[in-house]
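Student: First to last, the protein sequences are chains A and B. So for the first sequence, the working numbering puts the first residue at 10; every next one is plus one. So for the second sequence, the working numbering puts the first residue at 10; every next one is plus one.
Worth flagging that the hints you see were computed from the coordinates, not collected in a lab. Zero decoy hints are in this set.
Pairs of lysine-lysine, DSBU-like flavour, derived with a Cα cap of 30 Å: (1) Lys377/A to Lys34/A; (2) Lys307/A to Lys69/B; (3) Lys132/B to Lys34/A; (4) Lys307/A to Lys34/A; (5) Lys110/B to Lys110/A; (6) Lys307/A to Lys377/A; (7) Lys187/B to Lys132/B; (8) Lys34/A to Lys69/B; (9) Lys69/A to Lys34/B; (10) Lys69/A to Lys69/B; (11) Lys377/B to Lys307/B.
To list a few chain A residues with every Cβ distance to chain B over 12 Å, as calculated: (12) Glu179; (13) Ala217; (14) Leu326; (15) Gln440.
Label-pair restraints from in silico Cβ distances: (16) Ala379/A to Glu113/B: 53 to 63 Å; (17) Asp384/B to Ala323/A: 32 to 42 Å; (18) Arg315/A to Ala91/B: 39 to 49 Å; (19) Glu62/B to Gly72/A: 14 to 24 Å; (20) Ala409/A to Arg89/B: 50 to 60 Å; (21) Ala91/B to Ala183/A: 56 to 66 Å; (22) Asn199/B to Ala409/A: 46 to 56 Å; (23) Ala379/A to Asp139/B: 32 to 42 Å.
Quick reminder that beta carbons are idealized off the backbone N, C-alpha and C, glycines included.
Number of protein chains: 2
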Amino acid sequence: MTATRSVLASQATDYPRWFQDVIAKAELADNGPVRGTMVVRPYGYGIWELLQEAMNRRIKATGAQNAYFPLLIPESYLQREAEHVEGFSPELAVVTHAGGKQLEEPAVIRPTSETVVGEYLSKWIQSYRDLPLLLNQWANVVRWELRPRLFLRTTEFLWQEGHTAHATSEDARAFATKILYDVYRDVMVNVLAIPVVTGRKTRRERFAGAINTMTLEAMTGDGKALQMGTSHELGQNFARAFDISYLSSAGSRELAWTTSWGSTTRMVGGLIMVHGDDAGLRVPPAVAPTQVVVLAVKEEAIAAARGIADELSAAGLRVTVDDRTDQPFGRRAVNWELKGVPIRIELGPRDLAADVATVVRRLRDSDKTAVARADLTRTVVAAIEADQDHLLAEATARQAARITAVRTVDEAIEAAASGWATLPYDAVGEQGEDRLAESAVTVRCLQRPDGTLPLDDHEPDLVAYVARSY
Amino acid sequence: MTATRSVLASQATDYPRWFQDVIAKAELADNGPVRGTMVVRPYGYGIWELLQEAMNRRIKATGAQNAYFPLLIPESYLQREAEHVEGFSPELAVVTHAGGKQLEEPAVIRPTSETVVGEYLSKWIQSYRDLPLLLNQWANVVRWELRPRLFLRTTEFLWQEGHTAHATSEDARAFATKILYDVYRDVMVNVLAIPVVTGRKTRRERFAGAINTMTLEAMTGDGKALQMGTSHELGQNFARAFDISYLSSAGSRELAWTTSWGSTTRMVGGLIMVHGDDAGLRVPPAVAPTQVVVLAVKEEAIAAARGIADELSAAGLRVTVDDRTDQPFGRRAVNWELKGVPIRIELGPRDLAADVATVVRRLRDSDKTAVARADLTRTVVAAIEADQDHLLAEATARQAARITAVRTVDEAIEAAASGWATLPYDAVGEQGEDRLAESAVTVRCLQRPDGTLPLDDHEPDLVAYVARSY
Numbered sequence: 010m011t012a013t014r015s016v017l018a019s020q021a022t023d024y025p026r027w028f029q030d031v032i033a034k035a036e037l038a039d040n041g042p043v044r045g046t047m048v049v050r051p052y053g054y055g056i057w058e059l060l061q062e063a064m065n066r067r068i069k070a071t072g073a074q075n076a077y078f079p080l081l082i083p084e085s086y087l088q089r090e091a092e093h094v095e096g097f098s099p100e101l102a103v104v105t106h107a108g109g110k111q112l113e114e115p116a117v118i119r120p121t122s123e124t125v126v127g128e129y130l131s132k133w134i135q136s137y138r139d140l141p142l143l144l145n146q147w148a149n150v151v152r153w154e155l156r157p158r159l160f161l162r163t164t165e166f167l168w169q170e171g172h173t174a175h176a177t178s179e180d181a182r183a184f185a186t187k188i189l190y191d192v193y194r195d196v197m198v199n200v201l202a203i204p205v206v207t208g209r210k211t212r213r214e215r216f217a218g219a220i221n222t223m224t225l226e227a228m229t230g231d232g233k234a235l236q237m238g239t240s241h242e243l244g245q246n247f248a249r250a251f252d253i254s255y256l257s258s259a260g261s262r263e264l265a266w267t268t269s270w271g272s273t274t275r276m277v278g279g280l281i282m283v284h285g286d287d288a289g290l291r292v293p294p295a296v297a298p299t300q301v302v303v304l305a306v307k308e309e310a311i312a313a314a315r316g317i318a319d320e321l322s323a324a325g326l327r328v329t330v331d332d333r334t335d336q337p338f339g340r341r342a343v344n345w346e347l348k349g350v351p352i353r354i355e356l357g358p359r360d361l362a363a364d365v366a367t368v369v370r371r372l373r374d375s376d377k378t379a380v381a382r383a384d385l386t387r388t389v390v391a392a393i394e395a396d397q398d399h400l401l402a403e404a405t406a407r408q409a410a411r412i413t414a415v416r417t418v419d420e421a422i423e424a425a426a427s428g429w430a431t432l433p434y435d436a437v438g439e440q441g442e443d444r445l446a447e448s449a450v451t452v453r454c455l456q457r458p459d460g461t462l463p464l465d466d467h468e469p470d471l472v473a474y475v476a477r478s479y
Numbered sequence: 010m011t012a013t014r015s016v017l018a019s020q021a022t023d024y025p026r027w028f029q030d031v032i033a034k035a036e037l038a039d040n041g042p043v044r045g046t047m048v049v050r051p052y053g054y055g056i057w058e059l060l061q062e063a064m065n066r067r068i069k070a071t072g073a074q075n076a077y078f079p080l081l082i083p084e085s086y087l088q089r090e091a092e093h094v095e096g097f098s099p100e101l102a103v104v105t106h107a108g109g110k111q112l113e114e115p116a117v118i119r120p121t122s123e124t125v126v127g128e129y130l131s132k133w134i135q136s137y138r139d140l141p142l143l144l145n146q147w148a149n150v151v152r153w154e155l156r157p158r159l160f161l162r163t164t165e166f167l168w169q170e171g172h173t174a175h176a177t178s179e180d181a182r183a184f185a186t187k188i189l190y191d192v193y194r195d196v197m198v199n200v201l202a203i204p205v206v207t208g209r210k211t212r213r214e215r216f217a218g219a220i221n222t223m224t225l226e227a228m229t230g231d232g233k234a235l236q237m238g239t240s241h242e243l244g245q246n247f248a249r250a251f252d253i254s255y256l257s258s259a260g261s262r263e264l265a266w267t268t269s270w271g272s273t274t275r276m277v278g279g280l281i282m283v284h285g286d287d288a289g290l291r292v293p294p295a296v297a298p299t300q301v302v303v304l305a306v307k308e309e310a311i312a313a314a315r316g317i318a319d320e321l322s323a324a325g326l327r328v329t330v331d332d333r334t335d336q337p338f339g340r341r342a343v344n345w346e347l348k349g350v351p352i353r354i355e356l357g358p359r360d361l362a363a364d365v366a367t368v369v370r371r372l373r374d375s376d377k378t379a380v381a382r383a384d385l386t387r388t389v390v391a392a393i394e395a396d397q398d399h400l401l402a403e404a405t406a407r408q409a410a411r412i413t414a415v416r417t418v419d420e421a422i423e424a425a426a427s428g429w430a431t432l433p434y435d436a437v438g439e440q441g442e443d444r445l446a447e448s449a450v451t452v453r454c455l456q457r458p459d460g461t462l463p464l465d466d467h468e469p470d471l472v473a474y475v476a477r478s479y
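With these hints in hand, go ahead and build the complete structure from the sequences.
Tutor: What follows is the structure, encoded as structure tokens:
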């Protein structure tokens, strides 16, 4: 083990501090100059780009098309949907002046785009032939946060927001559910290696204006919950507010049913919190900007390091050569460990002499193994694949071990001090949610006993997942 | 020829109206609700995505890395560079209230990010080892426009902005020039099929805060100029304002030299104006979301149309099947023509009987050719390639034909009524620029007689390109 620990707070001692330290030392992000904003540095943005690509591909596979709606929304638009404006008003950033003059109507910076999208869906949708209409956009949004925290809750964040309109309630629900499972869960589990619990939010936790919010919750290293994405059935609330209607094949005018769904840069925060350890970040190979770093220990190893890098690149891996032999080797090794690069290959004079390379697997035990030069590419390719799976298995086992089945709200509060609790939702109810809230604990989601999604909150035998959360 | 012309104003009669009509009818974009903003619809965004991908790949090939800086910038940041604040102040959108309160310091929505990037370059750059530092971001910016026009000049637009810091003036200039040629010109010429004249801006037209602005200018269908991208040497202006300095290898503290460079959704406007005709848009195959549309004329052709589409997709083309056989065929054909899809394959009962498909090349003459089914894929692949080249050759010839060499400012003003003029810059000077401006004509750029970039405005024998512009 290396000296990394001295540069980071340990998770056990001060988890929030550890989180901040990792972000700073791994050069993922900085605080922006306006309170609560974030500068995403190249290494953090590189992770986001790969994640975005994986998400975008799956979104397009559902048939949704990308578009772009304006940043600025007339204040009056938000007021058309009563619950929506109530939910978002306290968080709005308002442009009152532009071009040297006071605006006639103030414009808000979008906190989310249901209202402006609704206005255009209304124009674009005429007949049943135009449905379903499936849109997505990659954009920045602004929500003024009281307690900002890098990646998890920033005043401005990057996200994708999907907006769809359908002819029937059933079609809308099926699409919102498809996004939840085939897009979001697939990316989280198979790309980010993060196990998630999926379920329905209680009325209290629902998106402002939705009739149903479905969520994916991840467990952080300190046993809290992190909402990783949400998919909403909006019923006919926005269709009514913005007159999104269509001529049916029978010739009658009908209101559409809409959905919206979003996932954000917060997922990078999830990646840090789910996989990180006391030595720093651990990045799943699927989103690692650098999957393998080849370190030349001394100058005479640089040419061989480059040769290895070329071979690994040709095998389809993302590889970086560290040839900064004028800097201490130990510091460089610690730096790559901090950045959570999955595989580190060290190449020194002794390795060259023995025709081997030293392979360190950051996502396993960080033990050093000498691998024969001829076997190197095959070994590394196999390790990358295996370690992606290992990370998921490890996180899944840890999550399972920290979920306690309880019977009462009091027991749930106690269990939530160190992990999650499940309990019968009948034992909670709206009153129970108030009591949980007093201890900063919330119902994260509701599931049927078989793990599937309930159609409403009043189904019998629902299981509530309860936890503290970020 | 089809009936398209009736749905669009003709270019000769009313070019600005034609431009608006194409954007609306081809479903590229809509006006946003806040004046001057834009909704980019899926078809327009699809073009932008392909363009973005081509640009992004080339930017990364220069060694620049993507990052993300905040939307909101403290007002005081802009004031640190005197020319910069003077240039941008009239266009700023200002957030005065957020989270239900008045802000202590108003924040502006970024009109460009030199100032906020400067603040972080200053933190991140310590030693000569950290240079060059090469960053890029894809983002939205807001500049309050008095006369907004979709794609060309919108209050909010999408762009990439690059920001780099270098140890020497020479290195900064070389990098800004590399961006101009290897990234921007390459994309414009070889992806968008748009010939561009590259040169140096006069002092009057320079970016606020730059010591040198290099530009790429395209000629629109009505003979005006459209600035398609710019690359700036910022000298040490921002380095001084934000203290971007480094410890040299000799141990002295030195100010860095910075550059910035941007290209925007305006390029889509350029694509429309350079290639469009009275029948609508014409999209270069390299950025066509649909390169080939296969139209089933009647229901019995749908299966065969899908078979053709599968075969073309397997050959690497982007293909759409139009199976809306319940709608009039003529209207569907006109619609694809309007959208400028490069190749239209029509498949009717007679085609099926003769084992042929009817191929219409939108980028050529739109004549209909019967192609034997067995030759179809090979023919279409070859046509796509040839038509990308054809579009460029056509635009290049048209541009050359509309540039007139003149000797005096008066002649230049006359020539600019219908095209561009070149004249000796000695015959213009600052006074001449004032006189041109009175006729809404500007010096678009300066070139050396051999077409290369001047190092300053005072070199002898410089050639000025003069035109009206968007």
